[in-house]
Amino acid sequence: MWLDFPIYASAAFVCWLAASGLFLSSGKKMLNQLAAGFSFAGIAFLLVFITILWTHIHRPPMRTLGETRLWYAIFLSGIGLVSYLRWKYKWLVSYSLGLAMVFLIINLQHPETYDKTLMPALQSPWFIPHVIVYIFAYAMLGASSLVALRNLFFAPTEKTIKGPIQMADNLVYLGFSFLTLGLLFGALWAKDAWGHYWTWDPKETWAFITWMFYLVYIHYRFRHANEHKKAMAVLAVSFAVLLICWFGVNYLPSAENSVHVYSE
Amino acid sequence: MSNEESRKTGVHRWSYREGTMVTAAILLLGFALQAASGGIVLRIAGFPWNMLAGLAFLGLLILVFVIRPKHSIVKGLGSVKAALPAILGFTFLVLLMGFVKQDVEPKNTLVKLFGLTHLVKTWPFILINLYLMILLGIITIKRLTPFNFKNAGFFLNHFGLFLVLFSTTLGSSDMQRLTMNCYENQTESHAVDASGKMIEMPFSIKLVNFSIDEFRPKVTIVDNKSGQIVLNKGKAQLEMMDRDSFTIASYHIKVEQFLESSGKSEDFYIKKNESGSAPSAKVTVNNPTDKTEISGWIFSGSYSKPPEMLQLNESFSLAMLPPEPQKFSSELNIQTKTGKNRSTVIEVNMPYSIEGWTIYQTNYNTEMGRWSNLSVLELVRDPWLPLVYMGIFLMMAGAAFLFITGKPKNGGIEHVA
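Same order as they appear, the protein sequences are chains G and Y.
For the first sequence, the working numbering begins at 69 and goes up steadily by one.
For the second sequence, the working numbering begins at 694 and goes up steadily by one.
Treat each hint with caution, since some may be false.
Result set (EDC-like, lysine to aspartate or glutamate): computed pairs, CA atoms no more than 20 Å apart in a straight line [said to hold, decoys possible]:
| id | chain 1 | residue 1 | chain 2 | residue 2 |
| --- | --- | --- | --- | --- |
| 1 | G | 184 | Y | 1048 |
| 2 | Y | 794 | G | 226 |
| 3 | Y | 800 | G | 324 |
| 4 | Y | 794 | G | 324 |
| 5 | G | 184 | Y | 953 |
| 6 | Y | 1020 | Y | 1040 |
| 7 | G | 184 | Y | 960 |
| 8 | Y | 998 | Y | 983 |
| 9 | Y | 965 | Y | 986 |
| 10 | Y | 957 | Y | 1001 |
| 11 | G | 184 | Y | 867 |
| 12 | G | 184 | Y | 932 |
| 13 | G | 271 | Y | 796 |
| 14 | Y | 814 | G | 260 |
| 15 | Y | 890 | Y | 867 |
| 16 | Y | 1030 | Y | 1048 |
| 17 | Y | 975 | Y | 960 |
| 18 | Y | 926 | G | 183 |
| 19 | G | 184 | Y | 1017 |
| 20 | Y | 928 | G | 183 |
| 21 | Y | 1020 | G | 295 |
| 22 | Y | 1100 | G | 295 |
| 23 | G | 184 | Y | 906 |
| 24 | Y | 928 | G | 324 |
| 25 | Y | 1020 | G | 183 |
| 26 | Y | 998 | Y | 1040 |
Source of the hints: derived by calculation from the structure; they are not laboratory data.
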């Protein structure tokens, strides 16, 4: 349960800190492998925690913002690790671990009381796929925005940018396909739960805006393969919109009566 | 409308200038029309006019493509130079919806004039939708001729979105959403729409039984003076009564006896199962700071019975909150005018469909809670739904293509999702 969270989170934190340090400091293969091992260990700690939490509260831990942040930390670090194993970009895995640690810190700062109730509208076979697909998309797109920020501020030359920008594209295409699926799963679920597949509820509106921004990126990249900086700027702004959709909506006056504000 | 704007500039290849001008012109025209019509709420014509208009639209799209496929306007409308400004224009309108609260009474005259509180039903929104449909339609036909399997992903994504926009826009007025209030053991054959108009249904519904499953109630600490729940760092401290002992705000609580459904008898509670019964518990509370121990009953209260708290000291009391619903369901008997008789149980997320209508469980008398004899049903008819679903499934398949094939190579001339 959440009471034990600081223990698991600290363990994951230490593992990831060690992993990032090793990735950034050394060029030796052995040490890189050790770093990958540490990254995995951190993920494993959180997986154990979320499994215990799930069995303890008798419902999928996917309702509150704190719970979604936990999944996000797991997915983001997982994506960082897999992309390291696949493409050997050490900076991306370090950045991903860094961002995942930020999310752990936010969760530590806002301790949750574990709430076992789950309102009838959320009791549906769509609940788990909808949330998991979305958080996975968010993690992919979060990783892509890390690539974008690096390309914007630590500007590699036109020659060396090709690799990182291809990686941003790959992450966006994967992330966008999951974002689309999450949106459409949501529509199918809404039809069953509320009688209509789309009601322009504030969360739906912002999810749609997020989708449109990534659509702009994809179409822009498609015809302007060499305008790297502008494309990266679009990608960075898109992630800001995504964050509004995820957290910001709860604070918007236009969203007072949103059916998606379940907690906090 | 877009063609008039672009004809002057339409002799050469489109750049973003043309694309942006067309989108801007559509938005301006839309807002001007909206203001000129005094901020009315637009409604698309119903069946059969919407279907005829849709068929005419499809026919025109195909006709234009057959007669002048190489015309610079057709080529321009089928390019990213038109698509990007259009996407941005649409995004601009949706952003307005994201910041201005929708479906409320407009607060000032400007908001009212441009219809900003019901943007989906305004001229700019419908015009930009139409424009997007034209772009998507042209680009879909373009990619389909000649057909190449490498364009399958592109087709799924663009035609899927086209179908969704097409069917939701045209079908919006054929959709009916009605509310029916059913009382236990009574038969109802009328429902009301959003404007309060009574409508006779092609069937009657008898509510055989309405029931609620509840979670175990939660307990919390209440301030004696204000009667409010005590907050710790802005959050209420709540514990669910699903264990024999637990700790809340440093008080140790031992549950001696828990009654799911109970009523008061003199100064204690006993099992009861009649209207107004509610959960109660006998607890012993241990305060480690002043080493006191208090025993007594707490009762959540119901619509007809007052709650009972246990006073812990001068400042605080222990209170049991009304239990939250875990599931609510209605057992229905439906008799159609065509002679069908069906018995079914519906609950949230589990609607039932009959004769083109889908019946949803939406509400009940929340004040009475599980003793409610009222079940509120929503009845929905949406004849365009199969087309919407087809669009959604095409887009899902398109998303799978994006996932598998990733970013198109060689500038996306071939093999585009």
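Hint by hint, here is what the structure shows:
1. Restraint check for residue 184 of chain G and residue 1048 of chain Y: the C-alpha separation of about 39 Å exceeds 20 Å, so the hint is violated.
2. Distance check on the hinted pair: residue 794 of chain Y and residue 226 of chain G sit about 44 Å apart at the alpha-carbon level, beyond 20 Å; violated.
3. At most 20 Å may separate the alpha-carbon atoms for a hinted pair to count; residue 800 of chain Y and residue 324 of chain G meet this at roughly 16 Å.
4. With a C-alpha separation of about 9 Å, the suggested pair residue 794 of chain Y and residue 324 of chain G falls inside the 20 Å cut-off, and the hint holds.
5. The hinted pair formed by residue 184 of chain G and residue 953 of chain Y meets the criterion: a straight-line CA distance of about 18 Å does not exceed 20 Å.
6. Proximity of residue 1020 of chain Y to residue 1040 of chain Y is assessed by CA-CA distance (about 7 Å); at most 20 Å being required, the pair is judged to hold.
7. Taken as a hint, the residue 184 of chain G and residue 960 of chain Y pair is broken in the structure, with Cα atoms around 32 Å apart against an allowance of 20 Å.
8. For the given pair, residue 998 of chain Y sits about 33 Å from residue 983 of chain Y by alpha-carbon distance, which is inconsistent with the 20 Å threshold.
9. At most 20 Å may separate the alpha-carbon atoms for a hinted pair to count; residue 965 of chain Y and residue 986 of chain Y exceed this at roughly 29 Å.
10. Of the pairs offered as hints, the one joining residue 957 of chain Y and residue 1001 of chain Y holds, with about 10 Å between alpha carbons and a cut-off of 20 Å not exceeded.
11. With a C-alpha separation of about 41 Å, the suggested pairing of residue 184 of chain G with residue 867 of chain Y is violated against the 20 Å cut-off.
12. For the proposed pair residue 184 of chain G and residue 932 of chain Y, the alpha carbon gap of about 9 Å is at most 20 Å, so the pair holds.
13. Annotation: proposed proximity of residue 271 of chain G to residue 796 of chain Y holds, straight-line Cα distance about 15 Å (limit 20 Å).
14. Between residue 814 of chain Y and residue 260 of chain G, the direct Cα distance comes to roughly 24 Å. Violation of the 20 Å bound is thereby established for this hinted pair.
15. Proposed proximity of residue 890 of chain Y and residue 867 of chain Y is supported: the alpha carbons are some 16 Å apart, at most 20 Å.
16. In summary, the hint linking residue 1030 of chain Y to residue 1048 of chain Y is supported, as the alpha carbons are separated by about 10 Å, within the 20 Å threshold.
17. Of the pairs offered as hints, the one joining residue 975 of chain Y and residue 960 of chain Y holds, with about 12 Å between alpha carbons and a cut-off of 20 Å not exceeded.
18. Between residue 926 of chain Y and residue 183 of chain G, the direct Cα distance comes to roughly 17 Å. Compliance with the 20 Å bound is thereby established for this hinted pair.
19. Only pairs whose Cα atoms come within 20 Å are accepted, and residue 184 of chain G paired with residue 1017 of chain Y is accepted, the gap being roughly 11 Å.
20. This hinted pair checks out: residue 928 of chain Y and residue 183 of chain G have alpha carbons roughly 12 Å apart, not beyond 20 Å.
21. For the suggested pair residue 1020 of chain Y and residue 295 of chain G, the alpha carbons sit about 54 Å apart, so the restraint of at most 20 Å is broken.
22. Between residue 1100 of chain Y and residue 295 of chain G the CA atoms are separated by roughly 16 Å; this keeps the pair inside 20 Å, and the hint holds.
23. Among the hinted pairs, residue 184 of chain G with residue 906 of chain Y is consistent with the structure: their alpha-carbon atoms are about 15 Å apart, no more than 20 Å.
24. Only pairs whose Cα atoms come within 20 Å are accepted, and residue 928 of chain Y paired with residue 324 of chain G is accepted, the gap being roughly 19 Å.
25. The straight-line distance between the Cα atoms of residue 1020 of chain Y and residue 183 of chain G is roughly 17 Å, inside the 20 Å bound, and the hint therefore holds.
26. The straight-line distance between the Cα atoms of residue 998 of chain Y and residue 1040 of chain Y is roughly 28 Å, outside the 20 Å bound, and the hint therefore fails.
Going through the hint list in order, the structure does not satisfy hints 1, 2, 7, 8, 9, 11, 14, 21 and 26.
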